[in-house]
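Participant: Here is what each chain is made of, one letter per residue.
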Amino acid sequence: MTLARSAVERAVVPAIARAPARARLRLGWLVPTVYILFLMVPIYWLLNMSFKDTNEILGDFTLWPRNFTLANYREILTNPVWYNGYINSILYVTMNTVISVAAALPAAYAFSRYRFLGDKHLFFWLLTNRMAPPAVFALPFFQLYSAIGLFDTHIAVALAHCLFNIPLAVWILEGFMSGVPKEIDETAYIDGYSFPRFFVKIFMPLIASGIGVVAFFCFMFSWVELLLAKTLTSVAAKPIAAVMTRTASASGYELGLLAAAGALTIVPGALVIYFVRNYIAKGFALGRV
Amino acid sequence: MDKTWNNRAWFLVLPVLALVAFNAIIPLMTVVNYSVQETFGSNVFFFEGVKWFQEVLRSERFHAALGRQLAFTSIILLIEIPLGVAIALTMPRKGPMVAVCLVLMALPLLIPWNVVGAIWNIFALPGIGLLGRLLNGLGMDYNYTRHPFDAWVTLILMDVWHWTSLVVLLAYAGLIAIPDAYYQAARIDGASRWAVFRYIQLPKMQRVLTIAILLRFMDSFMIYTEPSVLTGGGPGNATTLLSIDLVKVALGQFDLGPAAAMSIIYFLIVLLLSWIFYTAMVAQEERR
Chain A
1 MTLARSAVER AVVPAIARAP ARARLRLGWL VPTVYILFLM VPIYWLLNMS FKDTNEILGD
61 FTLWPRNFTL ANYREILTNP VWYNGYINSI LYVTMNTVIS VAAALPAAYA FSRYRFLGDK
121 HLFFWLLTNR MAPPAVFALP FFQLYSAIGL FDTHIAVALA HCLFNIPLAV WILEGFMSGV
181 PKEIDETAYI DGYSFPRFFV KIFMPLIASG IGVVAFFCFM FSWVELLLAK TLTSVAAKPI
241 AAVMTRTASA SGYELGLLAA AGALTIVPGA LVIYFVRNYI AKGFALGRV
Chain B
1 MDKTWNNRAW FLVLPVLALV AFNAIIPLMT VVNYSVQETF GSNVFFFEGV KWFQEVLRSE
61 RFHAALGRQL AFTSIILLIE IPLGVAIALT MPRKGPMVAV CLVLMALPLL IPWNVVGAIW
121 NIFALPGIGL LGRLLNGLGM DYNYTRHPFD AWVTLILMDV WHWTSLVVLL AYAGLIAIPD
181 AYYQAARIDG ASRWAVFRYI QLPKMQRVLT IAILLRFMDS FMIYTEPSVL TGGGPGNATT
241 LLSIDLVKVA LGQFDLGPAA AMSIIYFLIV LLLSWIFYTA MVAQEERR
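Chains as they are written, first to last, in the working numbering: chain A, 1 to 289; chain B, 1 to 288.
FYI, nobody ran anything at the bench for these hints, they're computed from the structure. We treat Cβ as the ideally placed atom computed from N, Cα and C, and that holds for glycine. Hints are supplied without guarantee of correctness; some may be wrong.
Here are a few chain B residues that face chain A, going by a calculated C-beta distance under 10 Å [stated by the list, open to error]:
| no. | residue |
| --- | --- |
| 1 | R8 |
| 2 | A18 |
| 3 | L19 |
| 4 | N114 |
| 5 | Q201 |
| 6 | L242 |
| 7 | Q253 |
| 8 | L256 |
| 9 | V282 |
Here are the computed lysine to aspartate or glutamate pairs in the DMTMM-like style, where the Cα-Cα straight-line distance is at most 20 Å [to be verified]:
| no. | chain 1 | residue 1 | chain 2 | residue 2 |
| --- | --- | --- | --- | --- |
| 10 | A | K201 | A | E186 |
| 11 | B | K3 | A | E183 |
| 12 | A | K182 | B | E286 |
Given the sequences, and given the hints that come with them, work out the whole structure.
Facilitator: See the structure below:
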């Protein structure tokens, strides 16, 4: 009797358990789809605005540009004030990414492989800098970088962004490096590799995806930050984000131009994210899954 | 992993230490310096002790900003964490749609913060924006530049739009790391969907969720650019969060002493709360 029931259970229970799961799966589709729609609607509206002229934006309410125009984009791509903003942003973001990754690599290795005097305190201290509100540092940064004569240069912004990018880079890289077995290091040393040669030739290829993810994060956080970048620049290194805020207030309210500039700032991020798409999930978990 | 004790590892950390110390310690000392002094311009300073700290801690303005900040952070954590987990649970695990979902969801994270503010500004404007027009068309008197409640709703909606994806990506990373064998075992036991979530998925996601809460807490507590572009802290002071208030005092009124004291108190609050999260996380990792 018991035996019979359990046989029935074995046959029926999985079927019961699976059936609602399958039904839910079909409905489950809805949630991400609705969410992505929610994410896309404001972006659609931005693009919609960017192809309209000012009259249409202020005068009519249209879901699709009636007088389709590329004038806003033409203005941005031909006016040096605008396109220099993009060049400046990309310059300091690239500098910051290179500096952050280069400095974080050996440090992350030290944290993942060795114990040393004060290591845990040092690690937490690094993280506290990721927690420092940029608004706290805006004024002192302005004074510091003015004092050493770096105000309004790309390198100033690149160095300032190290404040929050390096701790993050160390944190993520440490996660990825801890996933590489220590035996690999030991074998390499026995084989007569020096530390720098081992690190570049053997270790870095092993955590290549981690380095890619970190570069992506440094790029991302440097690209989206405005407060420090705006504080540390005036003319020569002015980032696109600051050009946008100033132009918006200077020439009244040119929404079309603002929308086009905003739409163009999405492009670099979208490009970068496409390249790391397979590692995004693991990267956002700081390599600790 | 067993780590070898080796103090020479300090040499590997030196570049990081130099770069971060340059950016963190010198400015922080400047702030500390200002926080205990009074100035009447022309670089003349007087030592004031803890006067500014007492003033800030007693000022109603600071209390109000701190209250708004705590309210904002709690609301967005309460919305974004469950929502993010729910979306991650329903996302496809295999197939070409995975990459599409991930790329589209990550997109808001890569938009410069002031552009996020600008996008929502354009999107929610009562006469011009889609959202504003729609809500007014439905008969609601929606105007985020005039009504504090509308400003808050828009602000929260914007933050949910901007940052929920971070929680989704983290939770998703935790979910795909669960081996299939766990689900098979649950199926053999006839576990309900809720039991699978409660006893398999949630514990396995605990670690990434702690990171998500930590990151969302820190970032929402220092939020500045998006609300300053969207509402500028208004209407009135309705959406003046801590950072906005701080910048108003420091760069707007150039009250260096109170601004510096406020900076330090602000930083210490973030630090204390983050330290609690961080210790919890480390304790969790060591238990494994």
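Participant: Hint by hint, say whether it matches the structure.
Facilitator: Hints, one by one, checked against the model:
no., hint, result
1, R8, "holds, 8 Å"
2, A18, "holds, 8 Å"
3, L19, "holds, 5 Å"
4, N114, "holds, 5 Å"
5, Q201, "violated, 13 Å"
6, L242, "holds, 8 Å"
7, Q253, "violated, 12 Å"
8, L256, "holds, 8 Å"
9, V282, "holds, 8 Å"
10, A:K201 <-> A:E186, "holds, 14 Å"
11, B:K3 <-> A:E183, "holds, 12 Å"
12, A:K182 <-> B:E286, "holds, 19 Å"
When held up to the earlier numbered hints, the structure conflicts with 5, 7 and fits the remainder.
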